[in-house]
Amino acid sequence: MNQHIPVHTAPLRVDLQLIADMVAPGTRVLDIGCGDGDLLDFLWREKQVDGRGIEISQAGVNAGVTRGLSVIQGNADTDLADFPAGIFDYAILSQTLQATASPRKVLSELVRIGKHAIVSFPNFGHWKVRRHLLLHGRMPVTEALEHSWFDTPNIHLCTISDFVDLCGALDIAIERAITLDGAGQPLTGLKASGALANLFGEQGLFLLTRKKP
Amino acid sequence: MLPGHAFEIGRDKPLKLDCGVELAPVTIAYQTYGTLNADRSNAVLVCHALTGDQFCAETHPITGKDGWWDSMIGPGRPVDPADYFIISTNVLGGCMGTTGPASINPDTGKPYGLGLPIITIGDMVRAQARLIDHLGIETLFCVIGGSMGAMQVLEWASSYPDRVFCAVPIAGAARHSAQNIAFHEVGRQAVMADPDWRGGDYAGQKVKPVRGLAVARMAAHITYLSEPALHRKFGRNLQDRAAVTYGFDADFQVESYLRYQGSSFVDRFDANSYLYLTRAMDYFDLAAEHGGVLGNAFKGTKTRFCLVSFTSDWLFPTPETREVVHALNAVAANVSFCEIESDKGHDAFLLDEPEMFAVLGGFLKGCAEHRGLRK
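From first to last, the protein sequence lines stand for chains Z and D. Position 63 of the first sequence, counted from 1, bears residue number 850 in our numbering, the numbering being contiguous throughout. Position 144 of the second sequence, counted from 1, bears residue number 186 in our numbering, the numbering being contiguous throughout.
Rather than coming from a laboratory, the hints here were simulated on the basis of the structure. As the structure is a computational prediction, the values presented were derived from the model and not from experiment. A virtual CB, placed ideally from N, CA and C, is assigned to each residue, including glycine. Be aware that a few hints might be false.
[Stated by the list, open to error] Which residues of chain Z face chain D? A partial, calculated answer using Cβ under 10 Å:
| # | residue |
| --- | --- |
| 1 | 831 |
| 2 | 837 |
| 3 | 860 |
| 4 | 862 |
| 5 | 866 |
| 6 | 874 |
| 7 | 882 |
| 8 | 886 |
| 9 | 888 |
| 10 | 987 |
[What the hints assert, rightly or not] Here are the computed lysine to any residue pairs in the SDA-like style, where the Cα-Cα straight-line distance is at most 25 Å:
| # | chain 1 | residue 1 | chain 2 | residue 2 |
| --- | --- | --- | --- | --- |
| 11 | D | 152 | D | 272 |
| 12 | D | 407 | Z | 854 |
| 13 | D | 344 | Z | 977 |
| 14 | D | 344 | Z | 935 |
| 15 | Z | 834 | D | 337 |
| 16 | D | 407 | Z | 873 |
| 17 | D | 152 | Z | 843 |
| 18 | D | 407 | Z | 899 |
| 19 | D | 407 | Z | 871 |
| 20 | Z | 902 | D | 341 |
| 21 | D | 344 | Z | 874 |
| 22 | D | 407 | Z | 902 |
| 23 | Z | 834 | D | 414 |
| 24 | D | 341 | Z | 868 |
| 25 | D | 344 | Z | 899 |
| 26 | Z | 902 | D | 403 |
| 27 | Z | 834 | D | 152 |
| 28 | D | 407 | Z | 823 |
| 29 | D | 341 | Z | 823 |
| 30 | D | 152 | Z | 895 |
| 31 | D | 344 | Z | 982 |
| 32 | D | 341 | Z | 869 |
| 33 | Z | 902 | D | 414 |
| 34 | D | 407 | Z | 872 |
[As the list claims (entries may be wrong)] Chain D residues, not near chain Z, derived (Cβ > 10 Å throughout):
| # | residue |
| --- | --- |
| 35 | 47 |
| 36 | 334 |
| 37 | 373 |
| 38 | 376 |
| 39 | 394 |
| 40 | 408 |
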């Protein structure tokens, strides 16, 4: 039998590490838009999480399964409806909400199938975005939003304030909110769902749950 | 006499078939590769497709060709005998040593022919389970197979959820489609239209229904390929001639190829077996066995699944695999699903598909880790 010695897990991207920190050990997690499976692999190795992934690109799916993860090909808009309610402890949607066809429906599904949802997205309210539009009068292209308007996958961009409003409308409680700078580091000293966060945060990261009726 | 092992289900404990008949004695011919570990946790059951057999990873004793899944099973392959105890049976109804229509009916002293009761995928799996009991294996590490083999894998996972740690159905479906039943019916009618078939009672005759069976194989073989694969291999190229002959000879390479496929098949396959096994696939409908809801077939399952399909497979197209994935999601099963880009059609599962090997190698390693077979 071959010896498989788990090498120490490679460091995660900073924002993924913040997500991983929100996940309790030994839980069941669905990572939607899991890419090559970096987060799932980390969660399995470091936190013994029973993880599943959904990924839209075939190359990403195959890479994830090849490294021993449970991943299916699919997307957030169509494939969440299959899952029974509350089946996951966490449903994670990282940097993907803005690319979905129906963010409102997707968000509702996340808190239906997950006891908690963890959602991160680029903040369209960031001052660089505002400045770009104000000064140039053209669709903003920044480090966080690098696509031109005609080839961007981000069809439903929102600001942190917009997101907070939608959570309110859907009866979703915000358990935790973190504002991240361009490097994915948390910004401290400002209310993470407030107006300053909406101006200075490049990304919003939220731990959500459905409000009990 | 074929090489390999045989296990007999005796008259004391007959095999209960789906059609209601209790069948005994039943012989299960099988091959093994590798060694069963001390806690009997590393067994892999390989399920063959319609015309496969137990000789999956060795030179075939009749054809002299490589094992049909040499690319998947062997040293350095995803299913490595150094890691696993690999069991490969000839299915019930087959013609390579396991009880089938060509076997002698002990009550009459003559071959069963059409006297053999109709066999289902469920019957095949129950027979395999009896062998696994006999081998003293409580839980199989993995059940793997393509096409009709994938049907057996799904049946195993559904009927014996606690006995299957991980399941790999490749290029399969939870039921046989109307189009596939139609193709099978063409094949069966070709066999039955051959006067040498004699109502299935051709054993002991000088001639067998080889023409009918060859035509059945030719028609079926087309469904295993794809238009791009046929085009790449043959195009409209002519066979050993500069121009068409204005006749019905095999002018085209593709005709010559199909004729060869047909005529070489009849040397190793029994026509009645072909009828029984195609019927078993036609009858397969896992949802129907569970109140019409496919998810019910897998309720509460702890088995880890990895489903694989191929982009150019039009016999068992990706949506049919996706249907199984949806059903497994609905019961929150642990499931992976990969669609492999290939232009080789349904047969891709038997061919050199590096991406499939990488994916399955990774999946099995991950499962082995979860099973405690690897540290």
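Hints and how they fare:
1. 831: Result: holds, 9 Å to nearest chain D Cβ.
2. 837: holds (8 Å)
3. 860: OK, holds: residue 860 of chain Z within 10 Å of chain D, min 6 Å.
4. 862: violated (13 Å)
5. 866: holds (7 Å)
6. 874: This hint holds: residue 874 of chain Z lies near chain D, its Cβ roughly 4 Å from the closest one there, short of 10 Å.
7. 882: Constraint on residue 882 of chain Z not satisfied, violated at 23 Å.
8. 886: violated (21 Å)
9. 888: violated (19 Å)
10. 987: violated (39 Å)
11. D:152 with D:272: violated (43 Å)
12. D:407 with Z:854: holds (8 Å)
13. D:344 with Z:977: Judged against 25 Å, a Cα distance of about 45 Å means the pair is violated.
14. D:344 with Z:935: violated (46 Å)
15. Z:834 with D:337: Cα-Cα ~30 Å, so violated.
16. D:407 with Z:873: violated (30 Å)
17. D:152 with Z:843: violated (57 Å)
18. D:407 with Z:899: With Cα atoms ~33 Å apart, residue 407 of chain D and residue 899 of chain Z exceed 25 Å; violated.
19. D:407 with Z:871: Since the Cα atoms of residue 407 of chain D and residue 871 of chain Z sit roughly 29 Å apart, the hinted pair is violated (cutoff 25 Å).
20. Z:902 with D:341: Roughly 21 Å between the alpha carbons, so the hint for residue 902 of chain Z and residue 341 of chain D holds.
21. D:344 with Z:874: holds (14 Å)
22. D:407 with Z:902: At roughly 30 Å apart (the allowed maximum being 25 Å), residue 902 of chain Z and residue 407 of chain D break the hint.
23. Z:834 with D:414: holds (17 Å)
24. D:341 with Z:868: With a Cα-Cα distance of about 17 Å, the restraint between residue 341 of chain D and residue 868 of chain Z holds, given a limit of 25 Å.
25. D:344 with Z:899: It holds: about 22 Å lies between the C-alpha atoms, which stays within 25 Å.
26. Z:902 with D:403: Between residue 902 of chain Z and residue 403 of chain D the Cα gap is close to 33 Å, so the pair fails against 25 Å, i.e. violated.
27. Z:834 with D:152: violated (63 Å)
28. D:407 with Z:823: Cα-Cα ~17 Å, so holds.
29. D:341 with Z:823: violated (29 Å)
30. D:152 with Z:895: violated (66 Å)
31. D:344 with Z:982: violated (47 Å)
32. D:341 with Z:869: With Cα atoms ~14 Å apart, residue 341 of chain D and residue 869 of chain Z stay inside 25 Å; holds.
33. Z:902 with D:414: Cα-Cα ~30 Å, so violated.
34. D:407 with Z:872: Violated, because 31 Å separates the two Cα atoms, which is more than 25 Å.
35. 47: Fine: 24 Å to the nearest Cβ keeps residue 47 of chain D off the interface.
36. 334: holds (17 Å)
37. 373: violated (8 Å)
38. 376: violated (5 Å)
39. 394: Consistent with the label, residue 394 of chain D stays out of reach of chain Z, its closest Cβ about 16 Å off (over 10 Å).
40. 408: Since the minimum Cβ distance to chain Z is about 2 Å, residue 408 of chain D lies within 10 Å and the statement is violated.
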